[in-house]
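Just so you know, the protein sequences line up as chains A and B, in that order.
Here the first sequence is numbered in the working numbering, starting from 1 and rising by one per residue.
Here the second sequence is numbered in the working numbering, starting from 1001 and rising by one per residue.
Hints listed in this document are in silico derivations from the structure and should not be mistaken for laboratory results.
Nothing here was measured: the structure is a model prediction, and the numbers come from that model.
A virtual CB, placed ideally from N, CA and C, is assigned to each residue, including glycine.
Any given hint might turn out to be false.
A short list of chain A residues far from chain B (calculated; beta carbon distances all over 12 Å) [as the list claims (entries may be wrong)]:
| # | residue |
| --- | --- |
| 1 | Asp95 |
| 2 | Gly121 |
| 3 | Ser166 |
Listed next, the stretches of chain A that the computed footprint assigns to chain B, with coverage defined by at least 3 CB atoms under 8 Å from CB atoms of chain B [what the hints assert, rightly or not]:
| # | region |
| --- | --- |
| 4 | 178 to 186 |
| 5 | 270 to 281 |
| 6 | 294 to 300 |
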Amino acid sequence: MSSPALFVIGATHHRVPLAVREKLSLSAENALVLQRELRDIDGLREFAVLNTCNRVEFYGVASDAAAAARVTAAFCARQRFDAAEFEKIRLDLRDREAVQHLLEVSAGLDSQMLGETEIFGQVKDAYAAAQAGGCTGPVLNRVFQKGFQAAKHVRTNTGITEGQVSVANVAVDLALNIFGNIKGTRILLLGAGEIGEKTAKAFQSRGAAALTVASRRFERAMELATALNASAMPFEQREARLAEFDVVVCATSAPNVVVTLAATKAAMQKRPARPLFFIDQALPRDVDAGVAEIDNVFLYNLDDLAKIAEENRAAREAEIAKCRAIVSEKAEALWRQIAGQVEALAGGASPRSTAASAEVTSPVSDRAPNGSAVPSPRGN
Amino acid sequence: MSLALTDRTWLLAAAGFYFAGFAWGTVALLRQGRPSGPGTYFTIAIGYVVQLVGLGIRGRAVGGCPLGNQFEVFQFTAWSAITLYLLVGVRFRNSLLGYFTSSLAAALTLVSLAVPAWDATQRAHIFGSNPWIELHAALAVFSYGVFGLLALTSIMYLLRNHSLKSKHLGGVFSFLPSILDLDHIGVRLLGAGVTILTTALAVIALYYLRDISSANVLKILATTLVWVAYGVVFTLRMRGRLLAKRFAWSCVILFAAALLSIPLVDRSRHPASQGTEARSQ
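Bound-form chain A, shown alone (with noise of 0.2 Å):
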């Protein structure tokens, strides 16, 4: 091979704080112009821009070994990021290994959250993008797509993606124990603040019948039951009306508790055969600690949650070995399948002459939806 002809190079929650994280983004406006900067680059036969909160990377393909570094500076203008600063903190493999990383983010093996599912959207999103862009061809193609059948083959043959990691997505798990669906429950949030918020809005994300918030300042309520597309609710009212409710987040600031023992059992015998579930997420708790004994009442505070949280964490980690042994053996298979593509193109042969022997060796057809064979990133 004359010169590294795949790549990705880029920036991820690895190596990049938050905060420069966030001056790398691309916006929608800038990563548009990008594109159309990036099909004019001398060298760049294909191209991908995989653009979230953690990570943005360029995948692409080379007939000229500067093209990676000219990808690097056109991005760096767009984001008027110093591109040595830059160099210090970006990604960059090349060929096999940057199969093997395409293949570890598609199945959220290199997620901040390992194991989560939502970044196997965000790569097909981004994919769907550069075709419809007609800036991948025969490589990027077939990189992306058996990317995409080795993370559903990591998902369904591991326990990578078994239980949930975040509180709030532990919170509606329970609840899924409980009720068996969400979206016949009631919920009542208690507390108005941002760790109740992300709980309520998990439970809605996932269908929950009703909303209902209720805060010790009755504007501020009205307020977050607005953003949310809830009904508010005087937080005095929250023990006389707790029947009506089948989940209750607590989440108050409040310096004693605000859900009696008592009123839970008044509560329980007025809906005596139906569940009730407490998620006290309040420091100093919200729930008295005795409703707990009573049947049908669930109570779980905020410790509960994150050790259940930090358990499927070490569940998933112990995944990892067996997940990376996959990828491994699927990225070394894939990228023995395009490596004379790769050669091919980076040796400068004809985009369409490269897809011919593209289809040779491959059963399935790789060329772009406007039937050019090889698009050019700069456009046919």
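Chain B: place on chain A using the hints.
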């Protein structure tokens, strides 16, 4: 496979399938920390078909529903529980219900096969020429199968409740259905079981009204006691007086008591008065 195999051979094979489902589930739980899912479901389904063949051969031999001795009652109870599992189990295929059901079916069928005395006497035409008595017996034993499945879901409820209260949610606990789902299915199974047993008792009551002399007092008393007990539990549950753990424990204890009543009822029968003996198949 030939139908020349004896009924007991078929029933032994069925027990083997149920046990295989149990063993497969145990291995899956120990090695992978999860139920075997569809594997258990299909193993149980094969066992069910094989058991049906065995019970069919036995039924033809005795000229009716094979409920003439303790062995047959245990077999029929297991078959009834499996029938229901195959109907409701699709929803819970990846949960532990299949594992528990295969455990119950394996236990009932293997124990019944292991005690030769329970099958020492095969009574033919035990219901005489009256199909209503046969219907009563079949319904009554079928209700025991329903109560068996209820006991299993109640055990699952208790395990789920324990896991939620003690905050141990990992491992096999993560494959238990939600506590509300288990409660709902428990209420439905109890309602179905009570309805079936009520129908069985109504059928036999109509018959005995015409011929009280043939009534087996101990059998009627035992069955009626089981019916009353389940009826009371059902009423209390519907009125919100017996809930959660206490409801689940009641269902488990009642099923154990109902099973224990079977030998009592069986011993009270008069072979001579209930039909001619059939030769072993």
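query = What hints, given by number in increasing order, does this structure fail?
reply = No numbers; nothing is violated.
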